[in-house]
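Visitor: Got chain G sorted already, so can you dock chain C onto it with the hints?
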Amino acid sequence: MGRKRDMKSNVLYKYAYLFLYLPCLMLFIFFFLIPFFSMFRISFFIGKPLSCYIEGFTIENYLRFFMDPYAHRLLMFTLELSVPVVLITVPIAYVMAYKISRSFGIKRFMLMIVTIFPMWINLVVMAFGWSMIFAKYGFMNFWLMKLGLISEPQPLGYNFIAVVVGLVYVCLPYVILTLVSVLDNIDPALEDAAKDLGAGKFRCFLEVTLPLSMPGIITGATFSFIWAMSSFVVPSILGSPLQKTFSIEISNQVLTVLNWPYGSVLSLILLSIVNIALIISNKVRGRFTIWVR
Amino acid sequence: MGKMKFDASNLLDVACIFICLFLLIPIIVIFISSFDPAKYIHFPPSGFSIIWYQYFFSNANWQKAFMNSFYIATLTTLISSPCGVLAALAYRKYNFKLKSLFNSIVVFPYVTPSLLMGITILMAFSRTFLRGTYYIVAAAHSLWSTSFIYLLMQAALSNYDLTFEEAAVDLGASPWKTFIEVTLPLLKSAIISSVIFGFITSFGEVTMAIFLTTDETVTLPALLWVSLKYELHPVALVASVICIIFATGTMAIIANFVGIETLSKIGAKTEASK
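Residue numbers (this note's numbering), protein chains in the order written: chain G, 1020 to 1312; chain C, 430 to 703.
Excised from the complex, chain G in its bound form (with noise of 0.2 Å):
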């Protein structure tokens, strides 16, 4: 009996990780990993606007995503996009996540509420905050008059600038705290040793500091890329409808037009790219975490 009851919690034992783990993967698999394979399916069914999906199997799609401008426009301007948002949210990042890795006490702990606070207010609240300041009598024209800069309101708000203020206010977060978290694991003892060498302090930061936090620059432009290629919320209420992402057209097609087939198409060109991004990221930080070593 008792050798019995020992066998069994043996088994138990050994495979706990997959009863701790089960809960999750059945989320997971129900919830992510069908629905995907069932989009992946719908993407080959005859699309037919308003009509949702006719079942069947074409890569006609396929061949319309190939073949039309308007969509590549669209992705193109989505990268066009994208790009400043990187390189606008990277050394805006690395200044406050510099400061905070370089403060102590009560100092660091402010800077890490204001930094974390935006993260936990919900995308359509920032943006709105956002429209708020654009706004023809909103926040941003009060001040520019009240400084002498204009006379009149000028239309600040629906444009490019907006849309890629709003998406770098939305990154600078996550971008921020990946790099304090890299910053942090730096050895002080590295520079320490650069300046007993005789680097100067600017030296010092750019042959020791920014190489070893490479790979935190990494992680943090490739999300922010991913946010802002993959940016739904934000344009739509930043931008105009000159400032269509090339999400803002999946959404249309999948709940306005109603082509699922084709939707579903955009999204895995989409997810595609997302994954492509990360895999490249990824070899590209393996490759500085070598060299860095």
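Take these hints with a grain of salt, some might be off.
To be verified - Below, simulated SDA-like cross-link-like pairs (lysine to any residue); rule was C-alpha separation at most 25 Å, straight line:
| id | chain 1 | residue 1 | chain 2 | residue 2 |
| --- | --- | --- | --- | --- |
| 1 | C | Lys528 | G | Asn1301 |
| 2 | C | Lys493 | C | Ser478 |
| 3 | G | Lys1067 | C | Ser555 |
No wet-lab data here; the hints were simulated from the structure.
Guide: Chain C only, in chain G's frame:
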């Protein structure tokens, strides 16, 4: 030389002050403007009143949206907390072949655009009884909040000393008793944080909610989205303030329980996404 160094660090301070302002300004502007009695939104506010707050709490649509958010967030918490907490425990405690695969599966929703998750779930369940119900929204939110809870628990667990468990087992406690009497009390604050965290990630989630909710199940952020897209009304500011208050309150509680440093690791934990 000494003066230049002084200038450089000063410059850094000034830059940081500007970045902090940048991070806080939209929230402050919304907060101030929500007390403006005017029908058309403009800055600076023309006065102070709480009529839009009264409007929010007397309007059936907004109330329903608030309650829907509440139900869905509760349901999400019930689903995602056990999933995320147990998986994080398994990750910490056991070594097995598929560990890195399991780990990346759980973290995958964190790196997948939520737009795509919303659309796939909409499509997959469009012809089933689940379409447009609370359950499907909660399931979609659970994916997301499970990832977050998992990351939070991992960050919190790295601070705990689980050799207590081994001691309990050595002293003859059964695994179940060990779990109830040693592990749970040790991890109490982390688990409470996870529960609250699961709640707030669902409460504030908008992209999936836009796709998965109907008029009946619309959540607060989704209704806010609709109102921003189609008819801008000052009550949207109040709804935003409510979202902000919920976010701030929960953040304060969690930061109190597990510490701000642990909390910061969730945002940074992007390297798990291989």
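Visitor: Is the Cα-Cα distance between C/Lys528 and G/Asn1301 25 Å or less?
Guide: Holds, because 19 Å separates the two Cα atoms, which is no more than 25 Å.
Visitor: Is C/Lys493 within 25 Å of C/Ser478, Cα to Cα?
Guide: 24 Å, holds
Visitor: Given the hint that G/Lys1067 pairs with C/Ser555, does the C-alpha gap stay at or below 25 Å?
Guide: OK: G/Lys1067 and C/Ser555 at ~17 Å, within 25 Å.
Comparing the model with each earlier hint shows no violations; every hint is respected.
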